Structure formats: structure tokens, C-alpha cells
Amino acid sequence: MYRPPAFAFDDEAEIDRLMQRYPFGVLVTEGSDGFPHATHLPMLAQRSESGLRLIGHIARANPQCDAIRGGAPALAVFTGAHAYISPSWYEPLYPQVPTWNYSAVHARGHLREASEPQAILAHLTAHFEASFERPWEFAKLDASFVENQVRGIVAFELLVERIDGKAKLSQNREARDAAGAIAGLRASGEPLDRACAAEMQRFYERRR
Numbered sequence: 311m312y313r314p315p316a317f318a319f320d321d322e323a324e325i326d327r328l329m330q331r332y333p334f335g336v337l338v339t340e341g342s343d344g345f346p347h348a349t350h351l352p353m354l355a356q357r358s359e360s361g362l363r364l365i366g367h368i369a370r371a372n373p374q375c376d377a378i379r380g381g382a383p384a385l386a387v388f389t390g391a392h393a394y395i396s397p398s399w400y401e402p403l404y405p406q407v408p409t410w411n412y413s414a415v416h417a418r419g420h421l422r423e424a425s426e427p428q429a430i431l432a433h434l435t436a437h438f439e440a441s442f443e444r445p446w447e448f449a450k451l452d453a454s455f456v457e458n459q460v461r462g463i464v465a466f467e468l469l470v471e472r473i474d475g476k477a478k479l480s481q482n483r484e485a486r487d488a489a490g491a492i493a494g495l496r497a498s499g500e501p502l503d504r505a506c507a508a509e510m511q512r513f514y515e516r517r518r
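Numbered according to this note's numbering, the sequence shown spans residues 311 to 518.
Hints listed in this document are in silico derivations from the structure and should not be mistaken for laboratory results.
Any given hint could be a false lead.
[Stated by the list, open to error] Cβ pair distances, simulated, as ranges: (1) P402 with S360: 47 to 57 Å; (2) F345 with P397: 28 to 38 Å; (3) E423 with F448: 16 to 26 Å; (4) Y394 with A453: 44 to 54 Å.
Just so you know, these numbers come straight off a predicted model, no measurement behind them.
Glycine included, every Cβ here is placed at the ideal spot set by N, Cα and C.
Can you build the whole structure from these sequences, using the hints too?
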């Protein structure tokens, strides 16, 4: 990922935060045709003494299963809140152009097929159900039903060897321009715009 120094971040806690808040990412591998293959899917980041891994699963009919079984290199992309930034939100002191603010994490490593796919499913569902008042419990499913469902997927681990964070949040602008962008996004009716404004505000508060 292209990361100008002003936009790069490597803080482990901030990287983990983005992946936890925006777990629906893209898994990219090279296909047998030589072209990139990509699948949009949720992935859960897990850290341990042995390092960072991402877990998930894809349909068994998905051609990327070959990459998983073959231990191929892969790239996982996570995108945080993002939004169009209008130059009308800046002080009109000199000509300006539009841009797009965003944050993202790229994780690279090698894939391997999970030896216990049911454990992967249990981890995923427990994580995503945790915020509900009455969480659905994977363990309550009938064992034969689960076995039948598991036949249709391939669970994987991506063992992360390099991870890069990038946050382009107007930090290369004058403070008054960044404040104008935050105000403009907050006034928007789009939830994603307001989410981007919140990320920008949080970023500037952490820098103080």
C-alpha cells in the first residue's frame, strides 16, 4: 500500500481497532489465470504470543479455495469510514480541489486451511453476536446439521507477516481546513460521512 509518511500509522492498538470496527474486508490472492481473485467477507483478527492471524471462511465452490489449500500468499484489506471532501468546506484563501478521506489496513501473509472449521465458525459467531441482547449460540445447533453445513465451506487462517495502516484524514491540511471538513461531514445526512467526521475528530484529539 502506498503510504506517504504523513498518513502512515503502525500503532498496534489502532490497527486492531480498525479491523474490529470494520471486519468486512477483501481477501485477495493470485488465481490460476494469473489475475487477482478477490472475495468480500468478514474476517476476525486474533493476536496471541505467536503473532496475528485472521480467520474466516469462504464457499467451497469459490476458486480461492485452491489458494487456501496451497498455502498461498494473500492480502487482506480492511477499509474504515471514508467520505468525499468538498473544497467548499475550506477557507477560500486560494484555489482548492476535492479529495477523499479514508483509513485502511492491509495485512499480508500466507493462508492455510483451518483444521477445525467448526471452531472457526464458533469464534466468528460468538464475536459478532456478542453485542446483541440475546446472542444466538452456535453450540446449540444439532451436530449433524453443523457437519452438513460445514461441508459447504472452507475455513482458513491468514498468518500475518506484515501489516500496514493508513489514515488520510486531512492531517496534511491547515487546521482550519480540517475543522471545516469535519463540520461539513457532520452536517451531512449520510451516516458514513458522520462516521468519517468522528474518526477525524478522534484523530486530532489524540494528536493534542
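Handout entry: Structure versus earlier hints - violations, ascending order
Key = none
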